[in-house]
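Colleague: Protein chains in written order, with the working numbering: chain C, 1 to 1009; chain E, 1 to 222.
The set of hints was computed from the structure by calculation and includes no laboratory data. Keep in mind the model is a prediction, meaning the values are calculated, not measured. Beta carbons: idealized from backbone N, C-alpha and C, even for Gly. Heads up, a few of these hints could be off.
What the hints assert, rightly or not - Straight-line Cα separation of at most 27 Å, DSS-like style, residue types lysine-lysine; simulated pairs:
no.	chain 1	residue 1	chain 2	residue 2
1	E	Lys115	C	Lys804
2	C	Lys782	C	Lys1003
3	C	Lys901	C	Lys915
4	C	Lys633	C	Lys618
5	C	Lys1003	C	Lys705
6	C	Lys526	C	Lys386
7	C	Lys804	E	Lys122
8	E	Lys180	C	Lys612
9	C	Lys633	E	Lys180
10	C	Lys618	E	Lys180
11	E	Lys122	C	Lys705
What the hints assert, rightly or not - Away from chain E, derived, C-beta distances all over 12 Å, residues of chain C:
no.	residue
12	Leu240
13	Arg282
14	Val376
15	Val542
16	Phe562
17	Gly810
18	Pro812
19	Asp876
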Amino acid sequence: MTQTNRLPSGGRLDRNRPVTFKYNGTTYSGFEGDTLASALLANGVDVVARSFKYSRPRGIVAAGADEPNAVLQLGATEATQVPNVRATQQELFDGLVAASTNGWPSTDNDLMSYIGKVGGRMMPPGFYYKTFMYPQSLWDTYEKFIRKAAGIGRSPTENDPDIYDHMNHHADVVVVGGGPAGLSAALAAGRAGAQVILADEQAEFGGMLLHSNELINDAPATEWVAAVVAELQTMDNVMLLPRSTVNGYHDHNFVTIHERRTDHLADLAPRGQVRQRMHRIRAGWVVLATGAIERPLVYANNDVPGCMLASAVSTYIKRYAVVPGNELVLMTTNDQGYTAAFDWQDAGRKVVAIVDTRAEPTGACVAQAQQRGLKVIKGSAVIEVKGSKRVSGVLVASIDAAGDRVTGNVQQLACDTVASAGGWSPAVHLACHTGSRPEWREDIQAFVPGKTVQRQLTAGAVHGSYTLRACLEEGIQQGMLAATNAGFGEQIAGQIPVPTVTETAAGPVMTLFHVPHTKPTSRAPKQFVDYQTDVTAAGIEVATREGYESIEHVKRYTAMGFGTDQGKLGNINGMAIAAKSLNKTIPETGTTIFRPNYTPITFGAIAGRHCKELYDPKRYTAMHRWHLAQGAKFEDVGQWKRPWYFPKPGESMQDSLNRECQAVRTSAGILDASTLGKIDIQGRDAREFLGRVYSNAWAKLAVGKCRYGLMCGEDGMVFDDGVTACLAENHFIMTTTTGGAAGVLEWLELYHQTEWPELEVYFNTVTDQWATMTISGPNSRKLLAELTDDIDLSGDSFKFMDWKEGTVAGVPARVFRISFTGELSFEVNVQANYGMYVWERVFEVGAKYNLTPYGTETMHILRAEKGFIIAGQDTDGSVTPIDLGMSWCVANNKPFSYIGKRGMAREDCLKENRKQLVGLKTRDPEVVIPEGAHAVENPNQAAPVPMLGHVTSSYYSACLGHSIAMGFIRGGHDRMGETVYYPQPDGSVIEAEICSPIFLDPKGERQNV
Amino acid sequence: MSEQMLAEQQTLIPVYALMDQLPETEGPRPESPLCHADLASLAEQGSREGGVRLQEQALLGHLVLRGSLQNESFVQGFAQVMGMALPGALESAAAGDASVRWISPDEWLLIVPGKQAFSLEKQLREVMAGHFSIANVSGGQTVLVLAGQDAVNVLKKSTGYDLRDRNFPVGKVVTTTFAKTQAVIRRTGQQEWELVVRRSFADYVWLWLQDASAEYGLTVTA
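This is chain C alone, in the form it adopts within the complex (with noise of 0.2 Å):
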């Protein structure tokens, strides 16, 4: 296919490396230096979407982040599928493949359009609020119409094969935008030898100086940048990211900034490199160099493909030798307009006219305008334009002075492209991310950033001041401002002199935003405001009159600034619209702020290589390659991974927990145990400490010896249990839960610091320090006796809750004589880097006991037959040792007190029928509550049926032959022997006993032997 609407010569391309692309499955052609809307504006192609709500046909209006017409799909395989992916900032590369999003079955076709004109009319403004939000049970049905409707495209049904990244950085200056404000003021900047990072969107810096007349130092623009450039890339302390968009700008000048590495190479990134990257940035100060954004006229029909901004009018023809149609009808409010007009004329196409809406222009360039022989016509405005899938001619009207109806006699020109000027609105969103509020300026009728408490600076244009020669000036001055401020600086003050530019004369502008229409707004064609969320002046009038007062408001009833644009091109002339129509002024009806991020930014790029295997981190035993090679199936323990069991060939998972359950009630079995939390509590006051974390006594503990203690919270609820062992006079270990031992590290710091800091003690976490086995079951003393010779380990010597040092397997090693199971139970522990030599020894020893490895699960059954908690699974922060029938455990006669006490002293903790763990035993020996599951007194009683509380804990005993459960009953202490129901969601009732929560050896003779 031809580029019919390429120049034979110019622009910024590398006409000796043509490519090829796919729209819509249409293969066209290109050059390297294209974007694809340029691409698609040289090839022709008029529509790129249909509206949101009217189902529009909609054309290329910008040449930037702004465009809100080409939001386009991108990705030749379902894998690479990206969208949100704006044409104007996408860059063309050898087989491209891109898609519209919306216009269902094509584009140029759509099916929706006889939809959308019923729609139109059904979806009056409002329809966000109105039509969507009742019945909410609906909204998933809503989402996919206005999704597939409004083409906000779709993400990848596949892995991305690409890699994203995060990479952080710290730099004295940040500079936004490679504009020639952002060019100086990096360069002042880095000259003073300060660390600098200057990022800008676009492929190239330069900014508008890649399409620019004008000249610096009497040489092309183009010319100074490349000089910029060329200094800044030999600077060491300047970083230059070019394709990188700062899309957030945050607290404490912090700043984001999504750099696309690849996705102009090709679509997929090259083997091993980073598609895209995210840079995280602190900044010393951050200087605002963002420009300005051309603000389009609001007339009727303005969304015609074919009409465009003016700015980007001369962007396609002089960066891209492109001309966007054939004829011409300009529309301005201002000098700079003309531009478009002269840059189209001297590609060769005709302008039909330019439309002035002021009634005497006097800048030089309506004299250059006459010059050229082009017709000018003053004090009037293109109020309507005609066509559907292409603008075919345009109504002209002269216009009073303030811009608010047609004073004249219509007339018609034929042309298929209008080009608005209605003057430029700084680029303020960044300023907006830290709660800055725009300032109005009436001098420029225009928003700048407002008063910030981040170390920000502007220059340029988003500074409202646009000429070039206030952009490089400001840039120099606001570039040296930074790094002096920053601590660089001094030493080149006043040295880099501001470029020679020549200034044209330039005539008043004339304030204009919403043309006249010969009819009423509500009666006139469309004029659109947002292109994306199809919000019409007509409907921001319809949001006034409905009472929405607030530009808050009237921006979420009519939805203006919704779109993945963030209303870049519409905000402006909305709020004027708004304010116009409230009868205000726009600074005193406001604007609306802007959010991270400036332009969508993919998933890929906000995940990084937080993803996959890389998720979260996955913390291993010294023994997991053991588990590994046995087959075991793991468990998710805080970030652990713990053998849940073992299962043996054909076996199920029931089969290896009666398996494992009965090795270690008949013979051995062994736990990898090392997870447990390991905190070495040294100190003079280590004794008095525990006594005060921990509700029972502590003062008697002998060295040598080990106790369980209950730690609670200051309102008296359970939060952590285990055992701690006292290892010297002022030396103890503490265990914690897996997944509690941060939390109680960092409890204990807490009191140590803020409550207690003359307390002499240190904690320390040795949770990694030490590999711990549990060798439990009736043999477990033979089989460890033939692994150690300087441990006694009769019951007499080494008596349960005692702990002894020696050597297991020739390793040193602490065993303490503790037990879960309620078996005859040792404790191993050694160090890490021993802990899979002697795991290894204890099985070459253990085969003729059978010692059978078990995880988790069973770990589970054997301490539930025992009764024992689990803090975290039996206790849920609502629940006190007393509750749990664990009084034993508490000693109220501590001469300091302990966290808790008080708690548990409250009103509502002695009441009568708390909650209270109980056992339960099922009428039916074989079945097994689920857990979760809530007692009632009488499972026919009508709903509301009172709950008397849910089950925590529930097995099937293979060692008992029946299941076995734990949970709370209202008052359960006192109700031995009761039967209450557990309704089950398939309508069965579940019947059970009130018991001891003790199922097996309630003694305690298994594990004294």
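With the hints as your guide, set chain E onto chain C.
Modeller: Coordinates of chain E only, in the frame set by chain C:
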């Protein structure tokens, strides 16, 4: 030494539990936290020209010292035994095979050859008095050395800390976030950094480092 402290030391009940955690013989085989990655083999096979070099300094002796700088016997005792002073905030010091890192206002991490950990703890306990603690964590963490021209870029992907020369000169130490875990990071050369990471997180850090180094080329050194 106060009378009370003397009394404490004379009593038969041990005040602190001191334990040599290493076996007497060479028989028992130790495994470092990254043993499963078999870095030694990778070092033989891999490329030699990566922008990032990684080495595990396995099985060293790690002692965490807690104490107050107001406690003279703690400060002087350390200097006497180790032949160097306890470093100030964010600093490190080295003497011979031993190096010590400031961790927090009352905490230091001493790293020594693995077999010296016990005897040094013993010596330190003998000369120190009053309120202090020493915890042997040799099995609980490992040392990784990251070097090469792109080492700093790998770190920039991993931590938000300011790594620029002026903020992070050679010898400085910080304990900070590292990806989704934490590390004690010490700059040991213009292009060389030392990470101390916890055993249970070592595999995660290893995965992370391989990934973050991929674009620069990773060379594992023995």
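Colleague: Look at each hint and say if it fits the structure.
Modeller: Hint by hint, here is what the structure shows:
1. E:Lys115 x C:Lys804: holds, 23 Å
2. C:Lys782 x C:Lys1003: holds, 23 Å
3. C:Lys901 x C:Lys915: holds, 19 Å
4. C:Lys633 x C:Lys618: holds, 15 Å
5. C:Lys1003 x C:Lys705: holds, 21 Å
6. C:Lys526 x C:Lys386: Answer holds: C:Lys526 to C:Lys386 is near 12 Å, not above 27 Å.
7. C:Lys804 x E:Lys122: holds, 20 Å
8. E:Lys180 x C:Lys612: Holds, at about 13 Å.
9. C:Lys633 x E:Lys180: The given pair, whose Cα atoms are some 25 Å apart, holds under the 27 Å limit.
10. C:Lys618 x E:Lys180: Status holds; Cα separation ~10 Å.
11. E:Lys122 x C:Lys705: With Cα atoms ~24 Å apart, E:Lys122 and C:Lys705 stay inside 27 Å; holds.
12. Leu240: About 16 Å separates C:Leu240 from the closest Cβ of chain E, which puts it past 12 Å; holds.
13. Arg282: Violated, because the least Cβ-Cβ distance between C:Arg282 and chain E comes to about 7 Å, which does not exceed 12 Å.
14. Val376: holds, 56 Å
15. Val542: Consistent with the label, C:Val542 stays out of reach of chain E, its closest Cβ about 48 Å off (over 12 Å).
16. Phe562: holds, 33 Å
17. Gly810: violated, 5 Å
18. Pro812: violated, 5 Å
19. Asp876: The assertion about C:Asp876 holds, with a minimum of 27 Å to chain E.
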